[in-house]
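Enquirer: With the sequences and hints as input, model every part of the structure.
As given, the protein sequences belong to chains A and B, one line each in that order.
Residue 189 in this note's numbering sits at position 189 of the first sequence; the count goes up by one each step and never skips.
For this note's numbering, add 260 to where a residue sits in the second sequence, where the first one is 1.
Derived from the structure by calculation, the hints contain no laboratory data.
Quick reminder that beta carbons are idealized off the backbone N, C-alpha and C, glycines included.
Keep in mind that a hint or two might mislead.
Stated by the list, open to error - Covered stretches of chain A (in silico footprint by chain B; criterion: 3 or more residues with CB under 8 angstroms from a CB of chain B, positions within the stretch not fixed):
id	stretch
1	58-65
2	157-164
3	177-187
Stated by the list, open to error - Residues on chain A that point at chain B, a partial pick, calculated with CB under 7 angstroms:
id	residue
4	Leu29
5	Met78
6	Phe218
7	Val221
8	Glu224
9	Ala253
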Amino acid sequence: MVRRLLIALALLALAGPAGAQETDGGIELPAAVAEERITVSSDYRGSYITVFGVNPDRRARGEIVVVVRGPNESVTVMRKQRVFGLLMNGDPVRFSEAPSFFAVLSNAELSTITTPQLIHRYQLDPAASAQLETAVPDADPSAYRAALVRLRHAQGLYQSYTAPPTLEDRSGLTIYPGGLFRAVVRLPANAPITEYIADAYVFRDGRLISSQRIPIGFARVGIEGFIHTMATSASFFYGVFVVLFALGAGWLAAFLFRRA
Amino acid sequence: MIYLPIAEMPVSVVLVLLVSGAVGFVSGLVGVGGGFIMTPALMFLGIPAPVAVATGASQIAATSFSGIMTQTRRKAVDWRMGLLLSTGGVAGSASGVWLFERLLRLGQLDLIISLLYLLLLAGVGLLMLAEGLAVMRGRALPTVVILKRPIRTIAHRLPFRMRFPRSGLYISVIPPLVLGFVIGALAAIMGIGGGFILIPAMIYLLRMPTNVVVGTSLFQVLIVSSLVVILQSTATQTVDLVLAAILMLGGVIGAQFGARMGAGLRGEQIRALLGILLVAASLKFLWDVTIPPRELYVLGGGLW
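Expert: Have a look at this one:
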């Protein structure tokens with residue numbers, strides 16, 4: 001229940017910049033995702049999100065930017081410090097809002113497509129989306145912001161692509177003749193199983209001319225979904241069940257051992 | 261590969277079976293519960309520490325229940341002492357789960373777990389190594405009990421004394437309660453059963469006869485680990501049933517092979533080898549808390 005509420009709040013928070021961009025991007029941008037609902041079963045090992053769209057400009061002028069975001073959540077970044085010879089996590093800096101997943105795909109470097117102001121306004125890079133909550137102890141918030149992006153990047157949760165996909169890596173943005181584009185994002189297995197949002201933008205001469213937003217959800221199916229539902233919505237009875245399961249396994253082991 | 265619904269990560273079933281089988285094998289060979297090897301092994305595999313600790317407890321519950329079935333048939337359980345230890349254990353594990361959550365929020369859980377494991381693995385490892393080497397050199401008899409048991413301990417002098425007919429004791433209830441509390445707290449924080457601390461304490465501190473020590477400690481371990489599973493499941497929702505099932509399967513099979521192999525091998529060599537293994541594992545934890553890594557920044561608690 002709480003989790004649902006948090007997701008809803010995060011989606012509301014994300015809706016902020018979306019409302020603003022509709023006034024800017026006047027033309028409709030036709031876009032869709034290959035899978036609106038990704039299924040998670042016991043053989044889940046991550047997934048791909050594929051976004052298709054068509055540049056509404058007749059001569060296909062302009063640059064394409066596709067962003068796939070997970071809901072914002074608070075995150076703490078700490079620095080290891082030596083205390084009595086031991087490394088402790090100190091100087092915590094809290095970001096009240098940071099995307100749990102962020103992938104940005106474009107056909108050129110973002111800095112050549114638009115201005116830093118618009119990158120910040122439309123939150124086109126993860127550092128722009130992270131909101132500081134507490135004051136930074138050694139007065140250098142950019143180091144913490146950079147560390148957050150670096151750490152999440154290393155976990156595969158923040159990604160950026162400016163090149164089309166290669167044979168080794170399916171992720172990237174491909175632009176076809178006639179204005180059709182396709183963006184593929186690798187969703188690693190450690191990416192949170194929540195509601196995602198894919199945004200497609202068309203910029204021309206640094207200005208946003210069109211955009212489209214598509215929600216992407218997850219469905220836990222089979223035994224996988226059943227266990228997760230039980231563990232979160234009936235956690236006490238789930239705990240009791242695991243204990244009974246353990247006792248059953250122990251009894252079976254003792255029984256088999258005695259016969260052997 | 262199978263996707264774990266609570267840990268939210270795919271793991272190789274074969275790899276987890278091999279690891280839990282190896283841990284079960286060692287525990288069958290040496291006669292320890294193995295929780296203190298299983299939980300760090302899961303963390304090395306990349307399972308988040310909270311899931312490793314909470315799920316490890318369910319495997320300990322299974323192992324101790326299967327052990328207690330055998331011990332009950334031999335009438336080797338002092339139920340009154342077991343209930344008293346469990347009472348302390350219940351309070352201890354509740355405090356432990358609370359402390360676990362606080363440390364997780366403060367971001368110091370990884371340091372505390374690393375430090376506790378460093379002390380525990382190095383301490384137990386060195387003791388085992390020393391004992392194994394001493395026996396090999398022929399300086400001590402090849403039996404477990406080397407220290408001389410004192411006639412009267414603090415347990416006989418404190419107030420609130422009680423009779424324990426099964427153990428033939430008349431001692432204060434305070435030491436069993438405190439002992440149960442400490443083991444319960446450690447169980448909740450570290451994901452261990454605690455039998456390898458509990459058993460020596462019962463022999464030397466409470467002066468219980470050795471024939472009821474194992475069964476009684478298993479009873480306390482069973483109660484505490486079951487409670488830790490339910491508490492962690494309710495408070496942190498970190499108990500993974502799929503992972504637990506694989507651990508139980510691997511652990512049970514491994515323990516059977518270990519127990520059979522152990523009958524035909526020399527105990528002191530096994531102990532010395534396990535001692536070396538544990539000291540080596542403790543060096544990994546020492547490295548983690550003293551050598552600065554290239555990346556000085558950490559996210560959240562550092563373990564999630």
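Enquirer: All the hints need checking, so say for each whether the structure fits it.
Expert: Here's how the hints hold up against the structure:
no. : hint    : verdict
1   : 58-65   : violated (count 0)
2   : 157-164 : violated (count 0)
3   : 177-187 : violated (count 0)
4   : Leu29   : violated, 33 angstroms
5   : Met78   : holds, 5 angstroms
6   : Phe218  : violated, 11 angstroms
7   : Val221  : violated, 11 angstroms
8   : Glu224  : holds, 5 angstroms
9   : Ala253  : holds, 4 angstroms
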